[in-house]
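Those sequence lines, one after another, are chains L and U. Numbering-wise (my numbering), the first sequence opens with residue 1 and increments by one. Numbering-wise (my numbering), the second sequence opens with residue 1001 and increments by one.
Warning: the hint list may mix true and false statements.
What the hints assert, rightly or not - Derived DSBU-like pairs: lysine-lysine, alpha-carbon spacing no greater than 35 Å straight-line:
1. L:K49 x U:K1071
2. L:K110 x L:K69
3. U:K1062 x L:K49
4. U:K1062 x U:K1044
Treat the hints as calculated values from the structure; they're not laboratory data. Computed from a predicted model, the values in this text were never measured in an experiment.
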Amino acid sequence: AQSVTQLDSQVPVFEEAPVELRCNYSSSVSVYLFWYVQYPNQGLQLLLKYLSGSTLVKGINGFEAEFNKSQTSFHLRKPSVHISDTAEYFCAVTASGTYKYIFGTGTRLKVLA
Amino acid sequence: NAGVMQNPRHLVRRRGQEARLRCSPMKGHSHVYWYRQLPEEGLKFMVYLQKENIIDESGMPKERFSAEFPKEGPSILRIQQVVRGDSAAYFCASSPPGGLAGADTQYFGPGTRLTVL
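If we strip away everything but chain U, and leave its shape as in the complex, we get (with noise of 0.2 Å):
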């Protein structure tokens, strides 16, 4: 049974350029969750999704930063014109459906390394 899977492992991009960074669930898992790790700091919560929803992106950058779960395929983060504080690692998770919210184990991927020149 495969994990999450991300990819790009590593990125970079020059400023001003665009990011897709992409999640796929561990299979039977329909919820995702996005975080992100600045250098020496831990992980922070920026949004959660099912299938073809948005539930919370409180966490999310009001400007630059989307978030989708498509009924097909994989979930996409994206940052538009990238800079130099967005370089990070960006960890997707996912869970199973019908838990008892809160106490589900989320799974991580290995991380994408966003680095923008």
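Next comes chain L alone, as it looks inside the complex (with noise of 0.2 Å):
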């Protein structure tokens, strides 16, 4: 089975300034990792993806993601923040051959002006 950890439930931050949210996963198979935002009272969109391959991800909105084997995680990172992107992210991981996502708890992303 996987489980996926977000050790940070929110995160305040200074517009223009850089931002990580980290996530940490588990599973005894390979898996595929996901970055969701979810903006107030709207569904999730998907900002990247590891399925294999190079481990630095590129996103939408300028968000990159590496994906860390040895130490299990997908942290998430933005070199600069906008106001905009005050949101809730979610990691999420999927095996191969399973269908279901399996969900952080959520990083609260804030961003100051």
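Reconstruct the complex from the two isolated chains, following the hints.
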């Protein structure tokens, strides 16, 4: 079985500062990893995903994430955040042959002016 | 290309009533998933369906909850005799057929927020 841990429930950061949202997973098999963003009262939108290949994955809105197999991590980064990045961010994992996403509990990013 | 549609967006029910949540997947998608998001929590998988088939319902409560995805029409998540603990946001997602299991992106709808009084 897979599990996902997002250690930071809330991350405040000033506008134009860099940010890293942490995600750690556990699994006994190969995994696929996803980051989704949820704006207030909306559904989830895919930011990026890792399936295989290059461990550095670039997504939409200037976000990127790095898959680190030895540390079982998939942290999300952005070099310079905007007010509009204020939202909740979810890390999710699946394994080959399974369909259901296992989500973390989310990290609320609040960008301050 | 319309995204995943869910209706209603908000639903209020009294304890003991039935709730019916509808999900129309993206055009061309034949896989539908339902997730539940309780306040201050992440999404939890409930059920995965393909047309006329339930593939995985390991996340569905054993009683009062059922789901279907008929040959024609939207997928329906039905909750009978609702209780206050059923209050949550219910999200539907869809993905296209023929993909690699687990690797396909799931496209999420805006959710139905159920409030049980």
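Checked hints:
1. A C-alpha spacing of about 31 Å is found between K49 of chain L and K1071 of chain U, which places the hinted pair at or below 35 Å, so the restraint holds.
2. Note on K110 of chain L and K69 of chain L: the hinted pairing holds, with a Cα-Cα distance of about 29 Å set against a maximum of 35 Å.
3. Taking the CA atoms of K1062 of chain U and K49 of chain L, the gap is about 32 Å. The hint holds against a cut of 35 Å.
4. For the hint pairing K1062 of chain U with K1044 of chain U, the CA-to-CA distance comes to about 15 Å; that is within 35 Å, so the pair holds.
The structure shown violates none of the earlier numbered hints.
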